[in-house]
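Residue-level listing of the chains:
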Amino acid sequence: MADAAFWAICLVVAPLFFAISSFVRGGLAHVFGPLAAWLNALAVLGLTVSFARSGPLRYAIGGWQLPLGINFRIDGLCVLMLAMTAVTGLAVSMYALGYFSLRIGSARQMSRHEQQRLFFWPLWLLLWAGLNGLYLSSDLFNIYVTLEITGLAAVSLTALSGKPAARLAALRYLLVSLLGSCSYLLGVALLYRCYGILDMAALSRLVSPGPLLWCGLALLTAGLLLKTALFPLHFWLPPAHANALAPVSAILSGLVVKASFYLLLRLWGEVFAQVLPPAAYVLLGALGCGAVLWGAAQALLQKRLKMLIAYSTVAQLGYLFIALPLIRLDPGPAARQAVVLLILSHACAKSAMFMAAGSIFLKAGHDRIADLAGIKEVLPVSSFAFVLAGVSLMGFPPSGGFVGKWLLLGVSLAGGQWWWGMMLVTGSLLAAGYVYRVASRLLVFKAPFFSRRQAIPPVMEWSAVLLAVLAMLLGLLAGSPLELLAAGNQVFSPAGLEVLR
Amino acid sequence: MMDAMGIFDMVLALALPWLGWRLLASPDLFRAMVLFISLGLLMALTWVRLQAPDVALAEAAIGAGLTGALFLSALRRLERLSEAERRLAFAGKREEEDEIPPERHRRAKPVAYGLALLLLAVFVLLLAWSLAQTPAGGGLGPAVGEQLGQSGVRSEVTAVLLNFRGYDTLLEVMVLFLAALGVWSLTRVRLPLQDEEPGPVLATLVRLLAPLMIMVAGYLVWIGGSRAGGAFQGGAVLAAAGVLLLLANVTVVRQIPAALLRWGLALGPLLFLLTAVVCVAAGGNLLEYPPQRAGAWILLIESASAVSIGVTLAALYAGGRPPEPPAQDRGGEQGPGRDADADAGGRQ
Amino acid sequence: MNTLLFYDFSGLALLAIGLHGLIRSSHPLRKILAANLMTSGVFLIMISGARGTGQTMIDPVPHAMVLTGIVVSVSTTAVALVLVCLVQETTNRALLWQKRKREKWGRTDG
Amino acid sequence: MSWQYSSAALFLLLAIVAGLGRILRGPTAADSMLAAQLFGTCGVAILLLLARGLEWEVLQDIALVFALLAALAAVAFALRTWGGTER
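Chains as they are written, first to last, in the working numbering: chain A, 39 to 539; chain B, 808 to 1155; chain C, 810 to 919; chain D, 368 to 454.
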């Protein structure tokens, strides 16, 4: 059995290699893509096993030790994020395999479709490599490059659908992510100027309050907030996520926004946790509350299914930010575990939702919520997947969302800051509202009439269901991943910080 | 000490933001582009003054040269479009607005605008103050100096780029590859009509300049090991040769088979990646070259990358994927809504 | 006050102007130009921080980072420009967020 | 660096700045373009001066790249402004 470092290398190298191969040999793209997805899942499995055995690890790339070189830092949080990407990515890849094998429309549409398939795989694999690289890396500038890979691939994937609306959304997305990267880069530059080092863990030992640190940190955070689409910076997200192709929407909503949030969690939760004032956390929490309310309200008002799901992403991202002040508040690991659980379950549930919505769209030929009545007669599995994912988003037991929110509620009550808890409950009620709005349509008994009789490959339906079931069961299965987080994580736990100092 | 070079620095430092401001304030986009190219030039001088010759080389080639050419070609394409649109409007055949709802007007209120400006100004001043407070210093300069002997090259920047932080560069090569991929996924290339030949002046210029550029590119890659230069600079100059050929509408460019182009784009990233893996297979860490052969490995990677960077940047300039094998003449197919990619289809 | 700070401030000014332009200008090409100005400003700050102050030596790491940044920036710019052209083609509109009044295209003339 | 070199470089830089006014004023596109070309030439000259003054050979390479790329820009400008072959 190879060691964790070997698997970590595979996680970056394999997607890159298959991305290039599937570009050069376009005819084999649909072979290389899923192959890469399975290999990636295997590598994550290997990584998890060897990580559980041997604990956290640093790996010096090029053999250059710390101040000079770039390091991989493999700890519990990193492994969990990689696993989330692997599982969701695998499901999306299987879905995409079905999606791009469809034969539809005129000859012209077919040729478009063929082009989309040819470019989907390499772009998606590059995006995947970017995400894996981001989670593994411990170097702030290296993370900038991985963020750029992720962002550029996400933009290209958004525009892949070729619709004018999608292209417009992609252009906005690109401009926003340019601004975000620029801000992030300046932040990194300022921190480097202060401390002469780029490694996050090393930085956490060196930081001391000072004007340049505040500026750098503000810039880093602002850039990442833009990319995470925290209210009120979310304006670019709904059109981009709603107008992309179905597998792309699932990737964007489930995985891509998580990457920049993960980074915020690293920076605010561990690297700079010692120097940041509590008020800053409260500010982010307040913005999170705004996101929950605004996103849910907008979701309730939407007429199109995919727009509804996209706004629900805005709302769900709000929860993650509400968790930040609670992490600050809580001396124990509960809040940290909760936020990780929320991230994982949202990734599964949201991807499943977009995948199911994509199947529904193909079958019905539109995604107007008002006209979807009776779709369950023709697409029982996808409708089930959608509703199950929705229920898990609402935070119904035993879903991962439920356990996460429950833990956060406990922390907020124990810490005497009940308003955060109240916000969580309100958010869940609102989520129940918009999920019910769709579910009541989907599940109603009515003779369906749809103009397009598109056969949906079973793999598309079942991959969505499996993800939704996983999101639902995450609450029951939560024990072992959380153990992984707690056991192997020196840096992420407060005790780890002591060790470092 | 305010000698002539001190004044030089001051003038340069003042000219940059002034130019930037004029550029964005200029009502004519063409003039803005010209100003942008001039700004790139002044930036390159600034890098020289700040003792960053590598960056100056890259800026001269990419910042002032290629980016400018990219902007100019985009502007020209847009202008052509707006002319076509005007003609359509004149003929009363203006296309219907598509499904995008018209945007709400978001004209910022003067108060909000003023407030935002104030906030920006405060932040910038704070930043300026804190920059002035912090002494520039140290960084990793000494560490690089110590390890330079083991890196296989004599140029510090090349050592950082290809060895100490080679992983960054690997990913960066991927970003470039990704950009080409993104552009190819977006649209097909529109090459000019086949029957138009370059004029005699242009033809001569191309015949003289293109080989010279290719030679200089090779020189830059070679010299990168010991002083300023390297894969990016060399690749950028190579791309300039490609752009020149594209501009002159030379027949050879059109006849490059798509498969060859694909390999050209993939060569650098693939070789870099394989090198990284070979390092692991040989028992080292990722990208840990064998110390005594590091120089040769780096030169190999750089040469392959330079070729790919050149092809990629030229492909980015061309702005689309090559036409599919049963190539029809795409030249005449221009104007709003005529692109085969434009019709959306009902798929999500 | 050394010349080092000139360039720092110059970079900051470029950054601020670029940001203002990115948010305020209505034409996407100008927005992309503004974003390029911003990144140039950031690069300027990075490099001027790397210059030695007499006794200390030049720090090549920011130089390498800026080189990476330049390549990343030209990649994004290229994708953005193609997108702008496509959006314009398919929607007949050049403006993104703001009023739809067309800019004066014509050059003064030549 | 001797004062002759540095003041000559300064003079050329001032020439560039003066040329900026020409770009801004126009009045024709050709004026802007020629001013930009002037920049290229001045830039090469400044680099060569600095190369001699500081005895820093690398700057000659940069000057070379400058000159080559200025030619590219000239072609791009010319084709854009006067139609040229590309349609």
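These are computed hints drawn from the structure, not numbers from a lab. Certain hints may be false.
Said to hold, decoys possible - Pulled from the structure, derived: some chain B residues nowhere near chain D, Cβ distances all over 12 Å: (1) P917; (2) V918; (3) A928.
Said to hold, decoys possible - Here are the computed distance ranges between Cβ atoms for each label pair: (4) P1018/B <-> A90/A: 26 to 36 Å; (5) R1100/B <-> R96/A: 46 to 56 Å; (6) A1066/B <-> V69/A: 53 to 63 Å.
Stated by the list, open to error - Below, a sample of chain A positions facing chain B; criterion: calculated Cβ distance under 10 Å: (7) V62; (8) R63; (9) L66; (10) G93; (11) P94; (12) A121; (13) Q153; (14) L165; (15) L251; (16) C253; (17) W332; (18) Y474.
None of the values given here were measured: they were computed from a predicted structure. Glycine is no exception: its CB is placed at the ideal position from the N, C-alpha and C atoms.
Hint check results:
no. : hint                          : result
1   : P917                          : holds (27 Å)
2   : V918                          : holds (32 Å)
3   : A928                          : holds (25 Å)
4   : P1018/B <-> A90/A: 26 to 36 Å : violated (60 Å)
5   : R1100/B <-> R96/A: 46 to 56 Å : violated (27 Å)
6   : A1066/B <-> V69/A: 53 to 63 Å : violated (18 Å)
7   : V62                           : holds (5 Å)
8   : R63                           : holds (9 Å)
9   : L66                           : violated (13 Å)
10  : G93                           : violated (19 Å)
11  : P94                           : violated (17 Å)
12  : A121                          : violated (21 Å)
13  : Q153                          : holds (7 Å)
14  : L165                          : holds (9 Å)
15  : L251                          : holds (9 Å)
16  : C253                          : holds (5 Å)
17  : W332                          : violated (16 Å)
18  : Y474                          : violated (23 Å)
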